[in-house]
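Engineer: Single-letter residue listing:
Protein chains: 2
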Amino acid sequence: MVTILDVAARAEVSTATVSRVLSTPEKVSEATRGRVLKAVHQLGYSPNASAKSLRTLTTRKLLVTVPDIANPFFSLIIQGIEEAAHREGYAVVLGDTHHDAEREERYGEMLLRREADGLIFLGHSMSKSLSSLTKKGRLAPIVNGCEYSPSLGVPSAHVDNEGAAFEAMSHLYGLGHRHIGVITGPLASPLSRDRLRGAQKCARENGAGRQMTVVNGDFSIESGIAGAARLFAQETQPTAVFCFNDEMAIGVLDYANRIGKSVPESLSVIGFDDIRFARYMRPALTTISQPMLDIGRETVRLLLGVLQGSVTSP
Amino acid sequence: MVTILDVAARAEVSTATVSRVLSTPEKVSEATRGRVLKAVHQLGYSPNASAKSLRTLTTRKLLVTVPDIANPFFSLIIQGIEEAAHREGYAVVLGDTHHDAEREERYGEMLLRREADGLIFLGHSMSKSLSSLTKKGRLAPIVNGCEYSPSLGVPSAHVDNEGAAFEAMSHLYGLGHRHIGVITGPLASPLSRDRLRGAQKCARENGAGRQMTVVNGDFSIESGIAGAARLFAQETQPTAVFCFNDEMAIGVLDYANRIGKSVPESLSVIGFDDIRFARYMRPALTTISQPMLDIGRETVRLLLGVLQGSVTSP
DNA sequence: TCGTCCGGGGCAAACGTTTATACTGTTGAA
DNA sequence: TTCAACAGTATAAACGTTTGCCCCGGACGA
Numbered sequence: 001m002v003t004i005l006d007v008a009a010r011a012e013v014s015t016a017t018v019s020r021v022l023s024t025p026e027k028v029s030e031a032t033r034g035r036v037l038k039a040v041h042q043l044g045y046s047p048n049a050s051a052k053s054l055r056t057l058t059t060r061k062l063l064v065t066v067p068d069i070a071n072p073f074f075s076l077i078i079q080g081i082e083e084a085a086h087r088e089g090y091a092v093v094l095g096d097t098h099h100d101a102e103r104e105e106r107y108g109e110m111l112l113r114r115e116a117d118g119l120i121f122l123g124h125s126m127s128k129s130l131s132s133l134t135k136k137g138r139l140a141p142i143v144n145g146c147e148y149s150p151s152l153g154v155p156s157a158h159v160d161n162e163g164a165a166f167e168a169m170s171h172l173y174g175l176g177h178r179h180i181g182v183i184t185g186p187l188a189s190p191l192s193r194d195r196l197r198g199a200q201k202c203a204r205e206n207g208a209g210r211q212m213t214v215v216n217g218d219f220s221i222e223s224g225i226a227g228a229a230r231l232f233a234q235e236t237q238p239t240a241v242f243c244f245n246d247e248m249a250i251g252v253l254d255y256a257n258r259i260g261k262s263v264p265e266s267l268s269v270i271g272f273d274d275i276r277f278a279r280y281m282r283p284a285l286t287t288i289s290q291p292m293l294d295i296g297r298e299t300v301r302l303l304l305g306v307l308q309g310s311v312t313s314p
Numbered sequence: 001m002v003t004i005l006d007v008a009a010r011a012e013v014s015t016a017t018v019s020r021v022l023s024t025p026e027k028v029s030e031a032t033r034g035r036v037l038k039a040v041h042q043l044g045y046s047p048n049a050s051a052k053s054l055r056t057l058t059t060r061k062l063l064v065t066v067p068d069i070a071n072p073f074f075s076l077i078i079q080g081i082e083e084a085a086h087r088e089g090y091a092v093v094l095g096d097t098h099h100d101a102e103r104e105e106r107y108g109e110m111l112l113r114r115e116a117d118g119l120i121f122l123g124h125s126m127s128k129s130l131s132s133l134t135k136k137g138r139l140a141p142i143v144n145g146c147e148y149s150p151s152l153g154v155p156s157a158h159v160d161n162e163g164a165a166f167e168a169m170s171h172l173y174g175l176g177h178r179h180i181g182v183i184t185g186p187l188a189s190p191l192s193r194d195r196l197r198g199a200q201k202c203a204r205e206n207g208a209g210r211q212m213t214v215v216n217g218d219f220s221i222e223s224g225i226a227g228a229a230r231l232f233a234q235e236t237q238p239t240a241v242f243c244f245n246d247e248m249a250i251g252v253l254d255y256a257n258r259i260g261k262s263v264p265e266s267l268s269v270i271g272f273d274d275i276r277f278a279r280y281m282r283p284a285l286t287t288i289s290q291p292m293l294d295i296g297r298e299t300v301r302l303l304l305g306v307l308q309g310s311v312t313s314p
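As you go down the protein sequences, you meet chains A and B in turn. To convert, note that position 104 of the first sequence is 104 in the working numbering; the numbers rise steadily by one, no gaps. To convert, note that position 157 of the second sequence is 157 in the working numbering; the numbers rise steadily by one, no gaps.
Think of the hints as simulated: they come from the structure by calculation, not from any bench. Warning: the hint list may mix true and false statements.
[Unchecked claim] Capping the alpha-carbon separation at 30 Å, the derived lysine-lysine pairs in DSS-like fashion look like this:
| # | chain 1 | residue 1 | chain 2 | residue 2 |
| --- | --- | --- | --- | --- |
| 1 | A | Lys135 | B | Lys261 |
| 2 | B | Lys201 | B | Lys261 |
| 3 | B | Lys38 | B | Lys52 |
| 4 | A | Lys128 | B | Lys38 |
| 5 | A | Lys52 | A | Lys38 |
| 6 | A | Lys52 | B | Lys52 |
| 7 | A | Lys27 | A | Lys52 |
| 8 | B | Lys52 | A | Lys261 |
| 9 | B | Lys201 | A | Lys52 |
| 10 | B | Lys135 | A | Lys135 |
| 11 | B | Lys135 | A | Lys52 |
| 12 | B | Lys27 | B | Lys38 |
| 13 | B | Lys52 | B | Lys27 |
| 14 | A | Lys38 | B | Lys201 |
| 15 | A | Lys27 | A | Lys38 |
| 16 | A | Lys128 | B | Lys52 |
| 17 | B | Lys128 | A | Lys38 |
| 18 | A | Lys128 | A | Lys201 |
[Claimed, not checked] Residues from chain B that keep clear of chain A, each with C-beta distances beyond 10 Å, as calculated:
| # | residue |
| --- | --- |
| 19 | Ser132 |
| 20 | Arg230 |
| 21 | Val311 |
We treat Cβ as the ideally placed atom computed from N, Cα and C, and that holds for glycine.
Make the full structure from the sequences, and use the hints.
Structural biologist: So this is what it looks like as structure tokens:
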């Protein structure tokens, strides 16, 4: 391996000068700079990242954990994160937690070992081992995306879930519906609870609190199908269904199709997220759009803000 | 920051012993081991990754570059990669190249700087700066996924694209079709060329080489729509369309629906990949299934094989 | 009694950078 | 002529690990 020493020897300068040429070129005279650069190219030198990290205590890497990489909602957020991080000269280390506490732990430890400068976690649960970091007075280099749990004490980028759910329901009441079914996500997440609160509030304001039926889902297509089955098994069937994400809505469309219910004639369905495939369903899915790329970019902005001290409160 | 020195001091041993307790515990007596472990927990010590990397010349990270993270095909492969890597104790650094040479370059340099132990690239183009590595006698720690360019000299995990395309076309001819439209991916990629070769071969063997029409796509839904528009603008319209991926097939379904062509009655459509949403389209999409997770896992297996010397030829 | 072997553990040298500090020679002002 | 200021560069000390080598003391066989 060719090191800074080899370059220094060939250019007949000290390693300090080589280092300066590479990081603060303006502090080196033109002539020397030329010689060093020439040596760098001739030898094909590239600085060793670990040595640099060790010296500077910085890695230029951001750790991102997500419950499910293959979910099109998350993958767009990741894309936004990657884009923003790359623009700022950071690389992204990606971890899939599968909602598994042990995996969260393993990835959390990476931060402790300083394998990354900060952590962005998507979803609502965070590695326990990091609580030691967040307890300190200053903000830890950790931010949350999509959800918001005030108790964690970390900044977060997310939409107004309660307001959005309120709007979705308003839309349905506006169409004249009275009996509305709601398929939620796991209620362990604040996100689902916020949306449920918004939906309930809207139902009450429309005087239809009793006619709203809530069933639980887990954001998968299959749970959308199962939810639809339960909703339509009731004595008074809902004429509209609000799903907390698009995949469950796709499941509802699928089930409706199978039992011969036509959408939108005899059933309205509204989803959440606006994933790319939503508009190519037949019928095209009505949905609440979330700016996934922007959420991703914003988490990066927040995290870098924490790192350089310009963001100081959750 | 608490270092190995602090632990050594507290446990009243040398740093060498602490290091051994953490990496080769069996070489340390039970009593000493206990004392060290106790000190580790009391101080909340976790070893600094950069220092370790510097010393061992190893990072336990795998760099993965992909043309489009948000593409459900790639995101499943990434999930397979992450799963396999995590199981082997490696973390994944993810880069989105957007098919952009400069980004490929930037990520390629990470390997040169030793920010990762190896590279998995999905797609067909590889950073130029890495050619210096692949030219050497031994195999570079680089593997390819999904495609295969013999000229690159790197191992690759991919399906038999030519054979699969042949099968897809066979299926259509079996249904009685004679005029078949084909929407390809960018012909710059060997993958597209392989599939095209398979399709052409099948057409010839069925004596329908002249009735097969080929138009170019870029794997996006929009290019599927555009391709369909061109195919159906011809004097003799195809009665079946074979798309080189599912998203373009979804575009064809969309276009057919808009011009009032019913599928599958008056048009057959077949896609490629079997992404999760394919089966929820109406009508459900017929498609060639690819084992995305397995392709991802296999790239990891190959790469680790190269790293430990058990894989020695592309 | 002596020599040999071995388990357990310490010493210290790397690994490849960055950067505070010190040094040198030149320039310009007094 | 003297000296301060400054630009440009070198010296060397970190950064936190791992690991080859050596040393010590006890066990064991001859």
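Engineer: Work down the list of hints and note, for each, if the structure agrees.
Structural biologist: Here is how each hint holds up against the structure:
Taken as a hint, the Lys135(A) and Lys261(B) pair is broken in the structure, with Cα atoms around 62 Å apart against an allowance of 30 Å. Using a Cα cut-off of 30 Å, the hinted pair Lys201(B) and Lys261(B) holds, with the two alpha carbons roughly 28 Å apart. Distance hint between Lys38(B) and Lys52(B) is fulfilled; the C-alpha atoms sit about 22 Å from each other, no more than 30 Å. Using a Cα cut-off of 30 Å, the hinted pair Lys128(A) and Lys38(B) holds, with the two alpha carbons roughly 20 Å apart.
A distance of roughly 22 Å separates the Cα atoms of Lys52(A) and Lys38(A); the hinted pair therefore holds under the 30 Å criterion. For the proposed pair Lys52(A) and Lys52(B), the alpha carbon gap of about 13 Å is at most 30 Å, so the pair holds. Restraint check for Lys27(A) and Lys52(A): satisfied, since their Cα atoms lie roughly 20 Å apart, inside the 30 Å limit. As the CA atoms of Lys52(B) and Lys261(A) are separated by approximately 62 Å, the hinted pair breaks the 30 Å bound.
Restraint check for Lys201(B) and Lys52(A): the C-alpha separation of about 55 Å exceeds 30 Å, so the hint is violated. In summary, the hint linking Lys135(B) to Lys135(A) is not supported, as the alpha carbons are separated by about 51 Å, beyond the 30 Å threshold. Simply put, Lys135(B) and Lys52(A) have alpha-carbon atoms about 28 Å apart, close enough for the 30 Å limit, and the pair holds. Of the pairs offered as hints, the one joining Lys27(B) and Lys38(B) holds, with about 17 Å between alpha carbons and a cut-off of 30 Å not exceeded.
For the hint linking Lys52(B) to Lys27(B), the alpha-carbon distance of about 19 Å falls within 30 Å, and the restraint holds. Restraint check for Lys38(A) and Lys201(B): not satisfied, since their Cα atoms lie roughly 53 Å apart, outside the 30 Å limit. Restraint check for Lys27(A) and Lys38(A): the C-alpha separation of about 17 Å stays at or below 30 Å, so the hint holds. Of the supplied pair hints, the one linking Lys128(A) and Lys52(B) holds, its CA atoms being roughly 24 Å apart against a limit of 30 Å.
Between the alpha carbons of Lys128(B) and Lys38(A) the distance comes to roughly 20 Å, so the proposed pair stays at or under 30 Å and holds. For the given pair, Lys128(A) sits about 34 Å from Lys201(A) by alpha-carbon distance, which is inconsistent with the 30 Å threshold. Some Cβ of chain A comes within 10 Å of the Cβ of Ser132(B); the nearest lies about 7 Å off, and the non-interface call is violated. Non-interface status of Arg230(B) relative to chain A is upheld: no Cβ of that chain comes within 10 Å, the nearest being about 19 Å off.
Every C-beta of chain A lies more than 10 Å from that of Val311(B), the closest at about 22 Å, which supports listing it as non-interface.
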